[in-house]
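**Q** Residues per chain, in single letters:
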Amino acid sequence: MIFANTASTLVNGGMAERMHLPCYFTYGILQTGVAYPILSRWCWNNSGWLKAMGYTDFSGSGVIHLYSGACGFVATWVIGPRTGRFQGDDSRRQGDPIPAHSLPFVNIGVMWLIFGFAGFNAASQLTISQPGDGYVVARATFNTFLACSSGGISSVIFIRFLPWWGRRWSYVNMVNGALSGMVAVCAGCNVLAPWSAFVTGCLGALAFVCGRSLVDKLKVDDLVDSFSIHYSAGLVGLVSAPFFVPDGILFKHDVASTTTLGVNLLGVVIITVWAVLWCLPLFLLLKHMGVLRVPLEMETRGLDVIEHREMAYHSSSDDPMTADSNGLPDLDVTATDRHHLVKRRRKGNAVQPTAVISSSSSGGGGHPSERGLSSV
Amino acid sequence: MWQKNNQSLLLQTELKLREDLADLKKNVDCMFLIVMGIFVFCLQGGFAFYESACVRPKNVTNVLFRNYIDSSISVICYLLTGYAFTFGGGDNGFCGTQYFALIGLPEDKMAHCFFQYTFAATSTSIVKGIMHERCTTAAFICYTCLVSGFIYPVASYWALSDNGWLKVLGFEDFAGSGSIHSLAGSASLAAAYMAGPRHDRFEKDGKINDIPLHSIPQAFLGSFFFVLGMLAFNTGSHGSITNEGDGIAVAKVAVNTLICVMASSVTAIVFQRFVIERSNSGWNFEVGLNGSFIGMITICAGCNQYQKWAALVVGILSYFVYLIAQSIIKFAKIDDPVGGLGGQMGGGFFGLVFVALFKDDGVFLQPSLTSANVLLINTVGGITIMIWAAGTMVLIYIVLRYFKLHRVSLSDEKIGLDEVVNKQPAYRSEDVLECQNEYASVFVRSARLSGSMDGLNRRTRQIAVAPPRPTKLGLISL
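Sequence lines, in order, name chains A and B.
When we follow the UniProt record's numbering, the leftmost residue of the first sequence carries the number 1, and every step to the right adds one.
When we follow the UniProt record's numbering, the leftmost residue of the second sequence carries the number 1, and every step to the right adds one.
Bear in mind the hints are in silico, worked out from the structure with no lab data behind them.
Even glycine gets a Cβ: it sits at the ideal position worked out from N, Cα and C.
A portion of the hints provided could be inaccurate.
For each label pair, taking beta carbons as the anchor points, the in silico distance ranges come out as [to be verified]: (1) Ala52(A) / Lys4(B): 41 to 47 Å; (2) Gln130(A) / Val255(B): 30 to 36 Å; (3) Thr83(A) / Val255(B): 54 to 60 Å; (4) Gly104(B) / Pro37(A): 29 to 35 Å; (5) Lys217(A) / Gly104(B): 42 to 48 Å; (6) Ile2(A) / Val255(B): 45 to 51 Å; (7) Val255(B) / Pro163(A): 52 to 58 Å.
Based on the provided sequences and hints, a complete structural model is requested.
**A** Encoded structure:
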């Protein structure tokens, strides 16, 4: 269930800032209820046909990451870029025209992602009580961190020295590269030797850089880089695992290892086709019905204000205690003044400050979203 | 014959059960180390947040960048040479000799290797924390590689490995107070001294400018990750969970860590309120955070050997150690953006001293020649580790200074390393302002539409134009 959740989350992220809320629900239900479970049966269940052919993907490089990257690409291609993303001079710095608004938040997100990936890969062993389980879990976690590091370092070096990426030590692209490294190593982390995990991480970062350039060239606005990180690195992971595993093509070039490569490639094709088969008709239908994308006015003003009537970031000018008549912050308010303000408001006006604050979240004057756009 | 069959069946079953149990124990031990290692990795996030809160907003991206890449570089360097130096067998007292690049590493040591890597990453992270806002990228990469690949592993061999000369003499350091914290502290002291302070920290007339935290919530977030990570740091150092008595030992470690951390934190806040800031009745929060750090560091050395009251006493004493150490650092005009030098050096060294004093068979409780010997060897060992770290760091900086790479230029420092190195600001306030303007315009418009535009604040205007209760149709307009 957690794995299914992960698969559907990536698409939602890529379509932020312009997708209508009900589409999230439709897509989520179809994805986690029907499309993904069928795919994971083919690839991971002992009676699944891909698995029977020899498809090896330990913790979901293909089934989760390749799949959701493909879904994300299709979805973001259909919905179109955010307004103003590919126009004007902002594209001078490739890969970062609309940058993150707060890098500490990116950092905490990546930290939790690393945490999660470590658990993801370790837990893909599914048991801890069989002989040898502990060593496999240890190796998987070990390789995950190794690939994360090598992915981060490689992507930072690529971006520092490739001219069209800006020649800077880029933090955001470093962490994206690290995530790509982890995605790439998912396929074989239970058996790879440490040096192979390192190399896979570097390949994952290379895949990220290439995928990102491709996405920008095709003018697809993929916010969370679902294609670049998950599809490209997942592809690289699936293809490189048959080479680098201990009984792989580099060590024992025989029929069995080549067959694994062939089946993995077939798996890539099947997963991509499956993703396109489910997402393309769904999103085209939603787009045709006109409910996929929010109206331009709503997009420019921000979905927080219109859909939720809730702001993520408040300034002190919103504090009813310290705002003066123009709504600007009153900077000379001291503790005693605040005390008097409270007393005055409790005695005088009928409106209580506390009731005002809670009105936008529950009860009060009715659910904000139910007022409809016409009241704006 | 029937009885014989039964007996052999019983024997077989018993053997199988024993085998299965042994396998399960190995598995669970691996899992214990892996899970604890993953939590210790949280410390990297803790460093990222705490350090980025301590520097000015114009350097935050650079801090985050360095935090991340230092954990990546320390993976590579530690796995190439570090693990080999620390745990690579060998019969000399200086460093290990096998498992370079993990060649020949047996499968049952992978979990241990992973866990020890997280310790190396911590040590490396501490060093770079004190060097923020003025360190060049080249210098940073240089000392990160060397600390994680050579300086820390060798000192760790002395203190932890069976053949290490300190261990042989009786050095006691459970979770690395000495080999991690005092090593990192003295390395960063040397680096901070050689690189010099930030340009506006110490005025020419002797005044010290206090550069405050730019974000207290971020500092708090970092501190909480520290507590999470240090609990795992200490409990994981026990090494196994399947032997008899392991659970109780690990629980003792966890409880002692908690007691010490909270004791030093409370001491810090109370001392600050009633002694230092008595005149303005300040319950200073930042001081509480710093207090918790010193508690975490000092308890590492002996958390498996203290009684609970001893952990409390160590916590209280460690804060005073921190105060003294920080004043000495300030007096010596060494710039420390994150307030870590006093903690790491003072806490690390005194952690070693306190364990010899306060442990169950220590100098205070059972004074004897053995306990005095432990005190001696811990003190000497701590000083040696600090000299080793500082010395190697000074050598690195002599080379860097020759190439003029020991610090950034003054103009770069003033502009901010975000713009100069990463070309990416950490906070985009224009987006936040835009979103606030939108919010304002929505409600001003709604008030204007309904005709009420008085001098009340925006929220009351919202109430004044509150619509009637929603009807069934209202749900369609999502």
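**Q** Next step is simple, just say for each hint if it's right about the structure.
**A** Here's how the hints hold up against the structure:
Taking 41 to 47 Å as the suggested C-beta distance range, the pair Ala52(A) and Lys4(B) conforms, at roughly 45 Å. Checked against the given bound of 30 to 36 Å, the beta carbons of Gln130(A) and Val255(B), roughly 34 Å apart, stay inside it. Here the CB-CB span from Thr83(A) to Val255(B) is close to 57 Å, well matched to the stated 54 to 60 Å. Separation of Gly104(B) from Pro37(A) is about 43 Å and departs from the stated range, judged on CB atoms against 29 to 35 Å.
The supplied range of 42 to 48 Å is met by Lys217(A) and Gly104(B), whose beta-carbon atoms lie about 46 Å from each other. Evaluation of the 45 to 51 Å hint for Ile2(A) and Val255(B) yields a failure: the beta carbon distance comes to about 32 Å. Distance hint check for Val255(B) and Pro163(A): the Cβ-Cβ separation is about 57 Å, which falls inside the suggested range of 52 to 58 Å.
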